[in-house]
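Generate coordinates for the entire structure from the input sequences, incorporating the hints supplied.
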Amino acid sequence: MKKKPSLIVLILTSFSVFFLTLVPLYAELSGKVVKIGVYAPYTGLAAQYGISTKIALDIAYDDIQKKIGGIPLELIFFDTGSKADQAVSIMKKFISMNDLLMVIGPCLSGEAEASFPIANKAGLPTLSPNAAVDGLTERNRPWTFRLREGTYEEAEDGVRQFRENFPNLRTCATISDIKDRYNKKNGVELSPELLAKVGVKILKETTFQSGDIDYSAQVTQIKPLNPDFVLISAFAQDAANIAKQLRKQGMNQPIYGVSAGILEPSYLKLAGQAANNTFYLSNWGVGRQEKPETQRLIKEWEKRFPSKGAEPASWHFWWYDALMLARKVIEEEGVTNLPGEIDKDRLKIRKGLENLKDYQGTTYNITITKNGEILIPKDRRMVIIRDGKYHWIMGPNNYVPMKF
Amino acid sequence: MIIQQIINGIILGSIYSLVGISFTLLIGVLHLLNFALGEVMMIGALMAWVILTFTGLNIALAVLIVIMATALLGVLMDVTAFKPLRRKKEYYLAPMISSIGFSLIFQEMANKYTGGVPVSFPENIVQGRIFNIGNSVFSSINVTVLGIALAMMMLLHYFLQKTKTGIAIRATSESFRRSRLLGININHIILIVSGIASMLAGLSGVLVGLTYGAISPFLGTIFVTKGFVVMLLGGFGSVHGAMLAGILLGLIEILSTSFLSTTYKDLWTFVLVIIILLFRPLGLFGTLPPVHRED
Amino acid sequence: MSPYLNSILTLAGINILLAYSFYLPRGVGLLALGQAAFMGIGAYTCTILTVRYGIGFIPSLIAGGIIATVVGIVTGLAALRLKGLYLAILTMAFGEIVRVIVANTEWLGGVEGIFAIPPHTNLAAIVVAIGILMIFFQRTQNSRPGRTQIAIRDNEDVAEAFGVNIFREKVIAYGMGSFIAGVAGGFYAHYILYIEPGAFSFERMVEILMFCVFGGVGVYWGPFFGALTLTLIPEIFRFLSDWRIVFYGAVLIITMVLRPQGVIDREVIQKVQGFLFKVFLHKGRIGRR
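Chains as they are written, first to last, in our numbering: chain E, 1 to 404; chain A, 1 to 295; chain Z, 1 to 289.
What the hints contain is simulated information worked out from the structure, not anything from laboratory work.
Bear in mind the structure is a predicted one, so any value in this text is a computation, not a measurement.
Be aware that one or more of the hints could be misleading.
As a list, the in silico EDC-like pairs of lysine to aspartate or glutamate whose alpha-carbon atoms are at most 16 angstroms apart [as the list claims (entries may be wrong)]: (1) 248/E x 123/A; (2) 112/A x 242/Z; (3) 328/E x 63/E; (4) 299/E x 311/E; (5) 328/E x 290/E; (6) 269/E x 123/A.
Next up, the structure:
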């Protein structure tokens, strides 16, 4: 019997080919092109965030005519698959590419947590528009930055405005997602503590896990206590379901939304009527959403999103801002992009980011603090949903509808 | 309050039952653990969403289409990936891995299609009439969902007990070889069972969409675990066991959340699983533990 | 070596160790689906020792493995009387329980996990660990312990009739598997530099299962090949961008149809050995019938 060319030889050859294909991936590239790395979850559990923010980024890319300083800009995208392990590999890959000026990303706190120390050690400026975990950039100075403030400062700002605008709400019950760290932190730690400081009595705290589908138990627990308002800390879809359940069981108290979920447009979409009387601290500065420029961005985003009927959240546009201010910093700090100058260039970019003051972002103005975060924006206000529409809260009972 | 919770538990439980039945059918008759049934559920829900949102057909028609489509999907999965493995008996882990492969593919395609964003059925479909019984609040949708689930279970019961095909299915679950000797066309039975299991999963997906709102590409992952637990609790291969176990699980989940700390809800479920395994592994109605097929 | 290649191989190495943590119990016929939890126990133990008590990396690593083993043996004593699918589900439930408990224990970091872990993991240490394991497999497979394991896996009752203490062998194999998983967890923690309960969920276990079934659990090269390949494929196929995962799923399905026993089995090893003999020792007749 003639022996067939062995399966093993095939396996071994394929194996060697696999290894060899890894080689070109980190060979040095030169040329008249400016490169920025981007990483975010485009597949996996958090794919919606990656996909949404990529659209905002792509709009910025087109708006700057795909160039920085007259030279073509190349954005190098990598997918983290919503996993911290991959974020680490990707960051190492970025570093070994040797010619990236900076990196934008990631989206998720876990990914940032794992990859930022590596970026910092290698001196690669990395800017995450929205990673929320406390102290992230503080721990990874001086090369990492983000376009938001710490969770505590954000919560503090919210509660302060709450107290000003709702002097009569004195008792509350909470429903918090404890599976996600940001939701848990806001709902279980920060909000109760800060609310207690302004004289609110927490009657009951209930919890759930994102991905649960039934919330009737939690609502049934808080209903008899008759709180003045209900605090929800959850993702948009869970928050919407909870709101619906609350209304269904006859609880029509106002809802105070903390954490990122309720400020997403999908909350109103999914909750419909149940969303009425929900208030939260918006990411928008007053009047910014109504500007024609912003409206253009919103419409463009909706056009490009895969499924029809979705709306962008405020923080998606931080990714737009990220590329825009990356361009500004690169152009204004004298970055040369010459092959031997990469370290000097990165240092210039870092300094540019450190010194960023009052940059006009889409949602608010951006000033970077010494911790690599932003100063609390002064014109951010609370928003309340009435009659299915958003209203600015300018003062107690002073609600101004958003016009667009 | 407790009556409300009990009824909520039964509604949730009836959906768990349907999911459990789909798993237990495949394990009992085909000795196959198909992880992708969770994703079939998700596809059923998504398909219904697409139909309801973009074509305006009514819900009954949408359900019909979903049932047929998911049944077909189940058959396709079996023919392409599971059937070739049936001949090679010892490798019972291989079909599991294939089913994971299908899971990944379905999830990512759903991610692409929806952009990863959760969607929900149009408001007018889901907004039932609210009515009260004493202190408890219900929606007419709840009644419909419960009705469909129970009707399905009764249909299945009748099918398996009284019709020729149903009896043939039960015979096949005991032994392929002996059933063949009795003149049963095993290949047909396999196709029918695959179709029914997937169809039940797809239907549960629609029911979840009706009762609970948001549908995401990752809906399936949660239900796979529930399906396992129901299957175990009811006894592998026992359809009646799954029916009862599903409702029990729903009740346990809702009642434990109401009266005990909400934090540890999942914990109780798994502790229950362990207790069952250590003290009564056959579950409520299981007869024989699943062994590798000898025929 | 480029840091990128280094990091990929490190991750592959960790995955190989994890694959072996499943392979060992499987060798006596056990379907241990809780190995991700042991990985977690090892990871958290090792991390807390290095980060909070300043203990050296290698001792902490071993301590992590030991704690995982202890938990493994204790639970094994209760669980290992079950068979097949029942054991599988029990170990799976156990894994989830551990995860929920850790997620709700503030001292362990809760849902937020522990960050700022020092990067102690290096490729050399992992290679050494894998090397030790593989030498161990090579030497035992033809010896008495190895054959005993195969006997138990193939037919317990017969093995017992021949005087094998089945329960003891199972506990030993399960304990060893837990140890390896715990050590892999320690390596993982000091590579990713951040751990949280979600990293040790059933999703991780499914990955481990895939490495083994894809690579083959018949011979010890199987998990090695499976873990290495399945770690590399998503990296190599990054250019497919968001179709990567779909591609990966298709690879799994197709491989299972073509080779349900896994890519590497006894036959393949024999052919490779024959081939290598021929090439390096010029013994032309090896392998011919």
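Next on the checklist: Let me make sure I understand: some of the numbered hints might not hold for this structure. Which ones are they, in numerical order?
Outcome noted: 5
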